[in-house]
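In the order they appear, the protein sequences are chains V and A.
At position 128 of the first sequence the residue is numbered 128 (our numbering), and the sequence of numbers has no breaks.
At position 223 of the second sequence the residue is numbered 223 (our numbering), and the sequence of numbers has no breaks.
I should point out that these hints are in silico values taken from the structure, not numbers from a laboratory.
Check each hint, because a few of them may be wrong.
[Stated by the list, open to error] The calculated BS3-like cross-link candidates involving lysine-lysine, where the alpha carbons are at most 27 Å apart (straight line), are:
1) K76(V) / K161(V)
2) K66(V) / K37(V)
3) K241(A) / K76(V)
4) K37(V) / K173(V)
5) K37(V) / K45(A)
6) K208(V) / K78(A)
7) K202(V) / K37(V)
8) K45(A) / K119(A)
9) K186(V) / K47(V)
10) K45(A) / K202(V)
11) K241(A) / K208(V)
12) K45(A) / K66(V)
13) K60(V) / K119(A)
14) K76(V) / K202(V)
15) K59(V) / K78(A)
16) K38(V) / K78(A)
17) K186(V) / K196(V)
18) K186(V) / K76(V)
19) K202(V) / K92(A)
20) K76(V) / K60(V)
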Amino acid sequence: MSNNGRRSFLKGIGLSSLALSVGGYSAVATNTKESQKKYAMIFDQNKCVGCTDCEIACKKVNLVPKDQFRMLIQDKTNPKTPRERRMVRVSCQQCEDAPCVNVCPSQACHRDSLTNIVTMNADDCISCKYCVVACPYDVRFINEETHAAENCNFCVDTNLKDGKNPGCVEACKYEALVFGDLNDKKSKINRILNIKDSLRMKPEFGTKPSLRYIPAVRLGV
Amino acid sequence: MNDAISFTVGFSHGVEWGWPIAVYLLLAGISGGAMIISIVTRHFKQEVENSALTKAGSLVGFATIVFGMVFLVGDLEKPLYFWKILINYNFKSVMSIGVIAISFYIPLTAVMFFYAFEKEILKYFGFLSFLVGILRPLRPYVEFITLWFAIAICAYTGFLISVLIRFPLLNTALLPALFVVSGLSAGNAASGIIATKFFKEDLHSFDMKILHRVEWPIMIAEVLLIVMLAVSLLIGNEYQKEVFQAFTSSQFSLLFWGGVVGLSFIVPIVFNLLLGRFTSKSAGIYYMTAISVICGVLSLRMFLLYAGQTFGA
Ligand code: SF4
Ligand code: SF4
Ligand code: SF4
C-alpha cells in the first residue's frame, strides 16, 4: 500500500492506533513470550556507507513528515581524512531506564507492555514537550502532523507488528544495522555482540541504552 | 569515547521550553512566596483583623497561580488535551506531581482569599454567609496546610526542570532551593506593591517594615545559591565547565548580569542601602525597586531556561 493510501486507510477505519496495535500484538504474543523480549539494535560504523536508504525506509514505514526524522545518519568524517568515512546513526537509544517515560505526565510516552520498547500513544500526548527536553540524547520531536511527541520505536507498531524487521534494518544493504532479541542466546545480534567490541552512546547519563555502536577501526597505516 | 562515533545533532529545536514556561515559573514562585510571607507574618503578629498585607498576600497568591496555569496550559501545542494529565497520572513525573499539588493549592488559595476578604465578599454576596460558619473555625488549619503547599509549589517549579539531565545548568539539587528563595523575593515585592497601592497600607507601617526586614536575608540566600551554582559548574566535569560560559561569554550573559544581578540585587542595594537616607520616603522609589526585583526574578528564570537548554551535553 502506498504512503498516502495507508494514511487514509488508517483514518478511514477510524480506529485509534492503539486499538490497532493491541490487536496486532495479541496475535504475536500467542506464539511467543513477547514480554520476556529485550530488543536491541547494533549500528556498525565499519559497514555503513552513508547511503541513507534507512532514512528513506523509516519515513515510508512510519509516515514521518517530510522534514522531520525518527532516525538519520550523521556524517562525522574528519575533513582532514576524507577517505576514512565515518557515519553514525542518530535515533532514540531505547533506554532501559528511560527519562522520557518517567517524565511524561499523561503516560503517552510509555513502554510497550509486550515488547518493553519505548513507544508512543499519540492520542494521549498533550504536547507539553517535557519528554523532548528530558531525553538526554535529544532524539525526540513533536510530529508536525499529529502534534504528538515521537521517537524511533523500532517500528513496534508497524513492521514489527507484521513480523518484519524494523524498516531501516530491512533497507540496509550493507548489514550495518542488526536488530534482535538479547534474551535469545542464539540470535544474530548476540553472536555479533559476543565477538565485537560495541559501546553505548554517552553511558554517563546512566539510562542504559539498548542501541549499541561498533566504532570503526582504523585500517592500514 | 572516540569523537567520530558520537553524534552531535538532535531532533529538537534548541530551546523547547521558552518564555511562557519562564513566566509560569515566575508566577508560581510569586504565588508561593506571597502566600508564605502573608501566612507567616500573620501568625507571627497573632493577627485578628485582616491586615492589608494579608489581603494583598492572598490576592496575589490566588491570582498569580491561576494566571500561571494559563501560561502553562497555553504553551501546550494541544491545550485542549490538558485533561489527559488529569486522568493518566504518572506518579514518576514531576509534572504530574505538580499538577496534583496545584489542584490542591488553587482551592486552598481560593479559601485563603475568602478569609482575607470575608467582609467585602459578604457585602455583595450575602448568601455566602453560611460558608463563614463552616470555614472560620478551620482557618488555622487551612493556613497551616496552605503554607506547606506554598513551599511545595515553589520547590516543585525547581524540581520540574532540575530532572533534565541533558542540561547541567538545570540538573542540580540547588535549583529547587533557588526557586523557593527567589519566589519569596518576588512574592515579597508583589505583596508589598499590592498592599500599599490597593489596600492603602502606609509605606512605613509595621508590616512594610517586616517586608523590608526579610528582604535582605532572602537576597543573601539567593546570591549564595547562585554563586554555588556557578562555582559547581566551574569546578565540574567537561560538560559543566562548558556551561559556565553561559554566565561569562554567551548571548545570555547580559540577561544574567543586567537582569539577574542588576535588577534583583544592585538596584535594591543602591536605592535602599546606599541612598536609603534620601529616598526612603518616596513611594516611587519603593515601587521601582519592587518591580525591579520581580523583573530580576523573571530574568533568573529566563536565563536558566534559555541558557540551560542552549548549553547541553
Ligand atoms: S533515547 Fe531519549 S527518547 Fe529514547 S528511550 Fe532514551 S530518553 Fe527516551
Ligand atoms: S510531549 Fe507528549 S509524550 Fe512528551 S511528555 Fe508531553 S505528553 Fe508525554
Ligand atoms: S542503509 Fe545502512 S549503509 Fe545506508 S546509511 Fe543506513 S545504515 Fe548506513
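Against the structure, the hints come out as follows:
no.	hint	in the structure
1	K76(V) / K161(V)	violated (33 Å)
2	K66(V) / K37(V)	violated (32 Å)
3	K241(A) / K76(V)	holds (24 Å)
4	K37(V) / K173(V)	holds (26 Å)
5	K37(V) / K45(A)	violated (64 Å)
6	K208(V) / K78(A)	violated (31 Å)
7	K202(V) / K37(V)	holds (24 Å)
8	K45(A) / K119(A)	holds (21 Å)
9	K186(V) / K47(V)	holds (22 Å)
10	K45(A) / K202(V)	violated (55 Å)
11	K241(A) / K208(V)	holds (25 Å)
12	K45(A) / K66(V)	violated (65 Å)
13	K60(V) / K119(A)	violated (66 Å)
14	K76(V) / K202(V)	holds (16 Å)
15	K59(V) / K78(A)	holds (24 Å)
16	K38(V) / K78(A)	violated (33 Å)
17	K186(V) / K196(V)	holds (16 Å)
18	K186(V) / K76(V)	violated (33 Å)
19	K202(V) / K92(A)	holds (24 Å)
20	K76(V) / K60(V)	holds (25 Å)
Violated hints, in rising order: 1, 2, 5, 6, 10, 12, 13, 16, 18; the structure is consistent with all others.
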